[in-house]
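Asker: Each chain, written out:
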Amino acid sequence: MTNIIFYLAAGVAILSTFMVITRLNAVHALLYLIVSLLSVALIFFILGAPFAAALEVIIYAGAIMILFIFVIMMLNLGPPAIEKERLLLKPGMWLGPGLLAAILLIELVLILTGPGSATKAAEVPPRAVGLTLFGPYVLGVELASILLLAGLVGAFHLARKERND
Amino acid sequence: MLTIPVSHGLLLAGILFLLGFVCVLVRRNIIFILLGLEIMFNAAGLAFVAAGARWGQPDGQIMFLFILTTAAAEVSIGLALVFQLVHRLHTLDIDQADGMKG
Numbered sequence: 001m002t003n004i005i006f007y008l009a010a011g012v013a014i015l016s017t018f019m020v021i022t023r024l025n026a027v028h029a030l031l032y033l034i035v036s037l038l039s040v041a042l043i044f045f046i047l048g049a050p051f052a053a054a055l056e057v058i059i060y061a062g063a064i065m066i067l068f069i070f071v072i073m074m075l076n077l078g079p080p081a082i083e084k085e086r087l088l089l090k091p092g093m094w095l096g097p098g099l100l101a102a103i104l105l106i107e108l109v110l111i112l113t114g115p116g117s118a119t120k121a122a123e124v125p126p127r128a129v130g131l132t133l134f135g136p137y138v139l140g141v142e143l144a145s146i147l148l149l150a151g152l153v154g155a156f157h158l159a160r161k162e163r164n165d
Numbered sequence: 001m002l003t004i005p006v007s008h009g010l011l012l013a014g015i016l017f018l019l020g021f022v023c024v025l026v027r028r029n030i031i032f033i034l035l036g037l038e039i040m041f042n043a044a045g046l047a048f049v050a051a052g053a054r055w056g057q058p059d060g061q062i063m064f065l066f067i068l069t070t071a072a073a074e075v076s077i078g079l080a081l082v083f084q085l086v087h088r089l090h091t092l093d094i095d096q097a098d099g100m101k102g
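So the sequence lines, in the order shown, correspond to chains A and B.
Under my numbering, residues 1 to 165 are what the first sequence spells out, in order.
Under my numbering, residues 1 to 102 are what the second sequence spells out, in order.
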């Protein structure tokens with residue numbers, strides 16, 4: 001039972017990632033990439049890492065993909081964008097990602113309603129992750145904060161338009 | 001209990017990494033290259049989580065957290081570079097950015 005759910009989620013991940021790299025339109029590729037990230041989050045959940053699964057959905061499928069969508073929206077200004085928007089609302093565009101996401105939803109419902117320990121691996125609770133993160137790995141947390149600060153300053157500097165250009 | 005062998009999780013991570021790598025090599029649109037990088041980051045994180053789940057230790061998830069942080073910093077810099085490319089060359093094709101004759 002667990003095996004079927006795992007391999008189905010793995011198949012959805014591979015199929016949607018393949019669709020990402022073969023799309024021509026960036027927004028189509030982003031939709032498939034979100035489905036791929038959601039299926040990887042489901043695999044994390046099956047593997048007994050619920051904290052990593054939540055972060056995958058919140059940060060990867062949420063924050064990072066939103067960044068991509070913002071950039072694509074800012075690059076597509078003008079009247080042609082409206083025609084493009086109309087094309088994006090056709091059913092053929094969201095049918096594929098929607099079907100794959102529906103498979104993932106069915107699997108999630110099966111896991112949540114199934115018998116507790118039979119559908120998941122031995123779980124590493126978020127409490128253990130937090131204690132280890134701020135125990136032996138606290139130096140890594142400091143380095144990650146410095147990296148994020150450098151990313152913030154670098155993105156601000158690079159994305160600024162030069163005045164005399 | 002779980003009966004998924006850890007090799008299958010690592011195999012899935014390898015396939016996803018390969019797909020991201022192909023995306024980086026084949027596509028010439030800078031947005032797709034960044035997407036391929038994201039796929040590769042995600043596959044590396046999947047390998048860490050699968051290995052951590054094999055031993056029941058939280059270390060794999062912590063490495064996934066650090067990978068997540070790196071990916072977030074990388075994508076912010078990468079998208080800022082996209083802005084510069086569009087601002088200076090008015091294209092998304094990175095082959096146009098050959099001013100250094102690389």
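Honestly, I wouldn't trust all of these hints.
[Claimed, not checked] Across the chosen pairs, the derived CB separations fall in these ranges: (1) 96/B x 114/A: 25 to 31 Å; (2) 99/B x 149/A: 29 to 35 Å; (3) 96/B x 150/A: 39 to 45 Å; (4) 87/B x 148/A: 34 to 40 Å; (5) 131/A x 8/B: 36 to 42 Å; (6) 26/B x 161/A: 30 to 36 Å; (7) 3/A x 94/B: 30 to 36 Å; (8) 96/B x 122/A: 29 to 35 Å; (9) 95/B x 58/A: 34 to 40 Å; (10) 143/A x 86/B: 29 to 35 Å; (11) 99/B x 95/A: 29 to 35 Å.
Derived from the structure by calculation, the hints contain no laboratory data.
Virtual Cβ for every residue (Gly too), placed ideally from N, Cα, C.
Asker: None of the hints should be skipped; say for each whether it holds.
Answerer: Structure-based check of all given hints:
no. : hint                     : in the structure
1   : 96/B x 114/A: 25 to 31 Å : violated, 53 Å
2   : 99/B x 149/A: 29 to 35 Å : holds, 30 Å
3   : 96/B x 150/A: 39 to 45 Å : violated, 28 Å
4   : 87/B x 148/A: 34 to 40 Å : violated, 25 Å
5   : 131/A x 8/B: 36 to 42 Å  : violated, 29 Å
6   : 26/B x 161/A: 30 to 36 Å : holds, 31 Å
7   : 3/A x 94/B: 30 to 36 Å   : violated, 42 Å
8   : 96/B x 122/A: 29 to 35 Å : violated, 52 Å
9   : 95/B x 58/A: 34 to 40 Å  : holds, 36 Å
10  : 143/A x 86/B: 29 to 35 Å : holds, 32 Å
11  : 99/B x 95/A: 29 to 35 Å  : violated, 42 Å
Of the numbered hints given earlier, the model fails hints 1, 3, 4, 5, 7, 8, 11; all others are met.
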